[in-house]
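Participant: Sequence:
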Amino acid sequence: MIHPSCYPPGKRPRNTNAPLLVMKDGRPFMGLSTPGGDQQLQSLLQVFLNVVVWGMSPETALDQPRFGSYNFPASGSEVNSTPALLRLEDRIPAETVDALRAMGHDVEPWGLWNWRACAPTVTWRDPETGVMVAAGDVRRETASLGF
Numbered sequence: 026m027i028h029p030s031c032y033p034p035g036k037r038p039r040n041t042n043a044p045l046l047v048m049k050d051g052r053p054f055m056g057l058s059t060p061g062g063d064q065q066l067q068s069l070l071q072v073f074l075n076v077v078v079w080g081m082s083p084e085t086a087l088d089q090p091r092f093g094s095y096n097f098p099a100s101g102s103e104v105n106s107t108p109a110l111l112r113l114e115d116r117i118p119a120e121t122v123d124a125l126r127a128m129g130h131d132v133e134p135w136g137l138w139n140w141r142a143c144a145p146t147v148t149w150r151d152p153e154t155g156v157m158v159a160a161g162d163v164r165r166e167t168a169s170l171g172f
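So for the sequence shown, the working numbering puts the first residue at 26; every next one is plus one.
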């Protein structure tokens with residue numbers, strides 16, 4: 026039997042590290058990263074869209090309620106024990122939760138500010154002023170620094 030931490034030929038390792046550098050017009054525009062296992066990419070995408078599509082500041086984008094899909098086996102497991110599960114922070118309106126359940130989604134509450142929704146840090150350059158802004162999520166102990 027091959028040890029799970031061994032990388033023999035043909036094995037595809039699974040790693041959840043996902044720091045992102047977003048480029049715009051050939052220049053760095055935004056950096057994002059977070060701890061959080063299998064929810065990392067979901068939380069980073071939600072924060073990214075909050076900034077780029079909905080025009081929120083990084084701090085406002087981080088403070089928005091999040092959701093997480095558990096539709097795939099968790100890292101380190103070959104079995105999905107929660108197929109089609111969607112967890113939502115309780116700050117998402119009850120009407121939205123009811124509508125998702127009416128469509129057949131398995132929805133569970135995640136609390137008001139759940140640490141499992143990750144804790145991204147964002148570094149962003151305001152495209153109009155060029156000012157660098159850094160922000161850290163309150164869901165876990167984070168810090169944003171610049172120099």
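A few of these clues could be false.
To be verified - Restricting the straight-line Cα-Cα distance to at most 25 angstroms, the calculated cross-link-like pairs of lysine to any residue (SDA-like) are:
id : residue 1 : residue 2
1  : K49       : N96
2  : K49       : Q89
3  : K49       : R150
4  : K49       : G129
5  : K49       : P34
6  : K49       : Y32
7  : K49       : P33
Stated by the list, open to error - Beta-carbon label-pair distances, calculated as ranges:
id : residue 1 : residue 2 : range
8  : M81       : C31       : 40 to 46 angstroms
9  : H130      : A99       : 16 to 22 angstroms
10 : M48       : Q89       : 22 to 28 angstroms
11 : V163      : G35       : 26 to 32 angstroms
12 : A168      : D115      : 23 to 29 angstroms
13 : E166      : L125      : 17 to 23 angstroms
14 : G136      : R52       : 34 to 40 angstroms
None of these hints come from the bench; they were simulated from the model.
This structure is a prediction, so every number in the text was calculated from the model and none was measured.
Even for Gly, the Cβ is constructed at its ideal location relative to N, Cα and C.
Participant: Going through the numbered hints above, which ones does this structure break? Give me the numbers in ascending order.
Facilitator: 1, 4, 5, 6, 7, 11 and 13
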